[in-house]
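First to last, the sequence lines map onto chains A and B.
Count along the first sequence starting at 1, add 69, and that's the number in this note's numbering.
Count along the second sequence starting at 1, add 578, and that's the number in this note's numbering.
Don't read these hints as lab results, they were simulated from the structure.
For clarity, every value in this text was computed on a predicted model and none was experimentally measured.
Take every hint as true, because none was put in to throw you off.
Covered stretches of chain B, going by a simulated chain A footprint (3 or more residues, C-beta under 8 Å):
# : stretch
1 : 611 to 619
2 : 638 to 644
3 : 704 to 717
4 : 806 to 815
5 : 826 to 839
The C-beta atom is built at its ideal place from N, Cα and C for all residues, glycine as well.
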Amino acid sequence: MPPRLHIGRFTTLLAGGGLLLSACGGLGASATPAPEPDELLVLEWSGYEAEDFWTDFKAANPETDVAFEFGDTDAAILAQMQGGSEADVFHFYTGWQQFYVDAGLVKEIDTSQLTNWDKVPEEYKALGQIDGKQYFIPWDWGFTSILYNTEEVPEVTSWDALFNEEYAGHVSMWNDGPGAVAVSAYVNGWDETAITDEQLAQIEEDWKAQKDLNAFYWSGEYTDLCPAVMDGTVWVAYAWQGCYATALYEGLPVAYADPEEGRNSWVGLYGISADSDSPQLALEFLDMKLAELTCGNAVTLFYYGCANADVMAAIEDPILIEAFGVNDPDILETTNFTPPVTEEQRSAWTSMWERVQAD
Amino acid sequence: MLGRRGTLPFLVGPPLLWLTLAFLLPVVLIGAFSFRPESGPVDIGGPGGFSVAQYGEVLGTPAFLRLLGISVLMAMAIAGLATTLAYPVAYFLAFRAGRRATLFLTLLLIPFAVSYLLRVMAWKLMLGPEGTINSLLAFVGLTDEPLDLLLYSRAAVIVTLVYVWIPFAALPIYAAMQRIERSHLEAAADLGAGPWARFLRVTLPLSLPGALAAFFMVFIPTVGEYVTPTLVGGTEGIMYGNIIQGFFTRSANWPQGSALAMVMLVITLALVVVAVRLIDLRRLAT
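Next up, chain A with everything else stripped away, as it sits in the complex:
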């Protein structure tokens, strides 16, 4: 898809003003760059607009007007950007990088201007690179695995616990097609980047058979899943470590599996819109996202990992150490990092999931 012509309000004003001054014989051929507007629009996930998650930027730029618009899925975030969102900065998760680059929606980032860039591990930096160019800044990260109630369920050693009929009515799967395909790929030992049509048909049948085991498919970790884990409705769930940490803080008898197929891991990435009117301010916003206080808040308030390695190394809370597997040196070796998907895969997998739900 070709990049869209995007004329922001400020640009329109500048263009109009420039024409007026030119008509009056002023301005001439001045090459002075136009000043950026002191405002930012961030396309975010609900909850991330809290000032705790951009507190360093707020402290450095108290007068800047930071506004937020929201998407509730990666698909919705991409659709909004493709639909001409005026957001300067957008937030999405691993697997979707290539779409933004292919559609010309994202600006390459000059990392030499980032003061906190040296605190980001190389593995995370690489997730934001395409064709050797740094398009995205990694920020939040975490695991996906099986969260289970240890009083109701014996030790979970495989992702196939989600398909165990003994837990009928007390299972909860994430409401997401690519997530379902990943779990099936782990269980069946398939390469999730090369799922064939026959394998996808098998995946669809497996999840249709699994559907009645769920109490519900969850969409929001803290709004749907955690309350149901707390009140005992859900015993076995596809879950992120944030809910696990929350349950531990509440003193619940829960564990977070280390499946033999390996956990999954995801990373949140920020990009700067190719049409941003405030690219410099956007860059500063992302740099400040990586700063100590802001990153620390992601860890201590949301129980999400952050790409600032210094912040992660400074964790002392035993519950957070457990949730992030900080003391397990082998955990990353067995972790499956979410791979990029193609447009064809995304379309086929999400449509498959809608058919599962309708069944």
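Given the structure of chain A, go ahead and fit chain B onto it with the hints provided.
Only chain B this time, still in chain A's reference frame:
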């Protein structure tokens, strides 16, 4: 002074313009999206394309059609129950409340002051394993363990939506009952009709147009419901509207979502047209 013809454009113009922009245009857009070949967000300014593939996919997927059928039946049950339960409320307001009718009508409308989402969430809390109903059942010794079937079920969706719709359903019935001439009831009484006979032969037939309006007012939006099933329905209570929502959000497949929405629109309108043809309102009201 403007004549009748002169005032008509001023009276009809603004609502017509509003309906065109806020209702008709979106429906036309959804209809246009449903004939696009792509499987992602529609680029309105981009190159076009015409395809009936989206309809082929919808009509060729039995699970979608089966779920639409279930959703229509659920909507009928919800509309029927809400109308039935709203009827005595409207009767009380019209014939028994007297001078306090305005007060009771206001009380009836009080739930609207609370967000729809909050009212549904309240039901989630009441139906939950530690909720009001399970706690009460355990307190009186009827159950040892919380009943799982209360929440995350089709029944939970029906119960919650019936609750949500009762005040709405009562309004058109109340309006119809208010229009009933009291002299008709007096004449029936003079001719020897008892209370039940007066109700069955006079009040009920004359209020049926309001009851039918209430039924359709509940039925039509309920077929496409997705918020309540999401909150209290679980995997069992998923409705057709959830799939439409999924294609627009999780899948970002607007053309497929649009085709699903258009199929639902056509089926719902067809059912309403058939029902209106079968039920002769004028005969009922005479």
